[in-house]
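Visitor: With chain F's structure known, arrange chain Z on it following the hints.
These are the residues of each chain, in order.
2 protein chains.
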Amino acid sequence: MNNFQYYAPTKVVFGKDTEKELGALIKEQGCRKVLVHYGGNSAQKSGLLDRVCRSLEQENMEYVTLGGVVPNPRLSKVREGIALCKENQVDFVLAVGGGSVIDSAKAIGYGVANEGDVWDFYAKVRVPQACLPIGVVLTIAAAGSEMSDSSVITNEAGWLKRGCNNNLCRVKFAVMNPELTYTLPAYQTESGCTDVLMHTMERYFNQADNMEMTDGISEALMRTVIKNAKILLTDPENYEARAEVMWAGSLSHNGLTGCGTDGGDWACHQMEHELGGMFDVAHGAGLAAVWASWARYVCQERMDRFEKFAVNVLGVEPAETAEKTAARGIEAMEAFYRSIQMPTSLTELGIDPTEEQMQEMARKCSWDGGRTVGVVKKLDQGDVLEIYKAAR
Amino acid sequence: MNNFQYYAPTKVVFGKDTEKELGALIKEQGCRKVLVHYGGNSAQKSGLLDRVCRSLEQENMEYVTLGGVVPNPRLSKVREGIALCKENQVDFVLAVGGGSVIDSAKAIGYGVANEGDVWDFYAKVRVPQACLPIGVVLTIAAAGSEMSDSSVITNEAGWLKRGCNNNLCRVKFAVMNPELTYTLPAYQTESGCTDVLMHTMERYFNQADNMEMTDGISEALMRTVIKNAKILLTDPENYEARAEVMWAGSLSHNGLTGCGTDGGDWACHQMEHELGGMFDVAHGAGLAAVWASWARYVCQERMDRFEKFAVNVLGVEPAETAEKTAARGIEAMEAFYRSIQMPTSLTELGIDPTEEQMQEMARKCSWDGGRTVGVVKKLDQGDVLEIYKAAR
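Chains as they are written, first to last, in our numbering: chain F, 797 to 1188; chain Z, 797 to 1188.
Hints were generated in silico from the structure; no laboratory data involved. There may be inaccurate statements among the hints.
Which copy? The list can't say, so a pair holds if one copy fits it or any two copies do.
Stated by the list, open to error - In silico BS3-like cross-links for lysine-lysine, where the CA-CA straight-line distance does not exceed 30 Å: (1) Lys812 with Lys1104; (2) Lys1174 with Lys812; (3) Lys1104 with Lys1023; (4) Lys968 with Lys816; (5) Lys1120 with Lys1185; (6) Lys807 with Lys841; (7) Lys1120 with Lys1026; (8) Lys816 with Lys920; (9) Lys823 with Lys920; (10) Lys812 with Lys1173; (11) Lys1185 with Lys1173; (12) Lys1173 with Lys1120.
Just chain F, with the same shape it has in the complex (with noise of 0.2 Å):
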């Protein structure tokens, strides 16, 4: 097993009504002025948005409103948070959302707190020396950013979806309620569950000598959030089962399903940053629809950890050879992507891209050939471009 570090500071105010609890969390950060930062109309139309703000109201707290954040959120936002926290003296950005609002609250304290333009970050040509403090009223499981050290911007000018991560950003709380995420539509539900499932296949997924305590995790964590994606699908309003894939989705990406591990394959979330940057479609989505041809193309690199998945994740019953247990797992896994109306294909995810389309996504997601993505294989412009075209 490898040496880790884990560090999770984020403080979880988890369960029903725990927004009222606001006003005193983001009191005992000392701060002075707020940023409250979201995304479209559905915090404001839910009457959430009024809730938070009156909460910082009874605490005597100033702040500022941004809205308007999208999915793959972009960097002109983010300019804009900037340019309005300097403006205002904002010491405090409360994020009240899911992930993309998140990421832009994070990039927004990277550039208020250190000189320069923020995209350097995430172009990784310098690195962030300090974040302002962030809090979060989380409204989706998904991207797990409450509890994550990472950030994913759109940069408009060439469509790049780029990541930085560093413990800076680390959130200082986080209200988490499962009620809140009860209307959302069952697409960006199941999307979520999947990006929560994929945090951790992408770790689980390795090059390591895995230890038994970070796999049990893993394996219960996938195996809780399969099956509470099933039952969302039906009964959204199913309190036990949003809670449960709300807590999957922050330990999922907290660093705790990686302990020991080589840092994971990725592989999956580069080339679907790609897809995302062109097309804009739903993140969790999009990684559904590239998985099973990733897996495929890469399971004889790691036929062991492929044959564990599919028995003690999937509950596949163990075949003649590892080969076919693992072949079983991958068909488990697309049936269960296809059970919760995820695609499994770039057709299914509603996307027809071009030959050349493909070439450039390729290129892009290999940085001109300079990189390879992965570990479990080391996935060169090549093997992208052939992954992409399995997963037509």
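Guide: For chain Z alone, coordinates are given in the frame of chain F:
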């Protein structure tokens, strides 16, 4: 399921040679003077203490040292530490050792950062408002104090063993090198494994509607510790087994395995505290000695949990009735304890309390009849006495 808070901000630096990172970790804390706190001779003999002090010197960090912490750490040593820190303007406590040293460091941290008598916080007549920052170099997998909010101290006046739980004492960083535990005597290793197990078992047995996510993590953790405790009995320098148990030890007591529960039972811990106060037994061994007697006394109150424990943790084949399956689980747990040379009775623990001594422990445990202990069944003074007798 219950609402919960989860807050485990400790930075874990885990693996081989990680104590070499100590200097940098201390420097990050921005402190000026360190108390290096430790136990008996092993930290000196092994050369670990020297290496720790060299790391501090390399960072030009001033320090004072205080050794001599004993199992069931004493209030007199805590008071000595508080005086030493005040004299020397110490602003950071580095615990080099296991749970006893860490708990003593936490108590010193409270004593320095608050006015008045530190015992007040353990007697629960006052709540601490601050704590010095604390770091850890862990030398035994057992108490989980390196990530927990808990500290337990024994007051020699009356031999009262009392705990104080507060987020303020959560450790800033914990250096965990499993190799540092190679030289532990088998009895301490296995007593430590029992302690690790019991921190999750105490949470697992409760009266809540439990989260699947939490149960899955808990069951994986318990299976991992049971398997690796057996390995360590014959192969104490097995790095993987040492690492599994060490990481399980931290996760078992950092709050993770309690999420969504009612907090858990903890009656065995309360009963063992009295054993430890009166007889100075190894904590884990004391827990093993009373567990089965407790389990048989209370299991009809939560047969479903005892059944699930038997099947999912101990691999018991389900019998015709839940009662039988549960009973077989308790027997399997006793067999496991015996297999790692842990006691399953007070006699096997090596003590033979008189009737009067048991009455005194039951009286102290129930605060002169002023409280019950446990949640699976709320045990009064008479119940506690019955369990001590059954455990004889």
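Visitor: Each of the hints needs a verdict: does it hold here or not?
Guide: Going down the list of hints, with the structure as the test:
1. Lys812 with Lys1104: between (36 Å within a copy, 27 Å between copies)
2. Lys1174 with Lys812: Classified as between; 27 Å across copies, 44 Å inside a copy.
3. Lys1104 with Lys1023: So Lys1104 and Lys1023 pass the 30 Å test inside a copy (18 Å) and across (18 Å) alike.
4. Lys968 with Lys816: Both ways: Lys968 and Lys816 sit 17 Å apart in one copy and 29 Å across, limit 30 Å.
5. Lys1120 with Lys1185: Within. Shortest intra-copy distance 24 Å satisfies the 30 Å Cα cut-off; inter-copy 56 Å does not.
6. Lys807 with Lys841: within (28 Å within a copy, 40 Å between copies)
7. Lys1120 with Lys1026: within (26 Å within a copy, 33 Å between copies)
8. Lys816 with Lys920: Between copies only: 28 Å across chains, 39 Å inside a chain, cut-off 30 Å.
9. Lys823 with Lys920: Between copies only: 26 Å across, 34 Å inside.
10. Lys812 with Lys1173: Classified as between; 27 Å across copies, 43 Å inside a copy.
11. Lys1185 with Lys1173: within (17 Å within a copy, 61 Å between copies)
12. Lys1173 with Lys1120: Classified as within: same-chain Cα gap 20 Å, cross-chain 49 Å, threshold 30 Å.
The structure meets every hint from the earlier list without exception.
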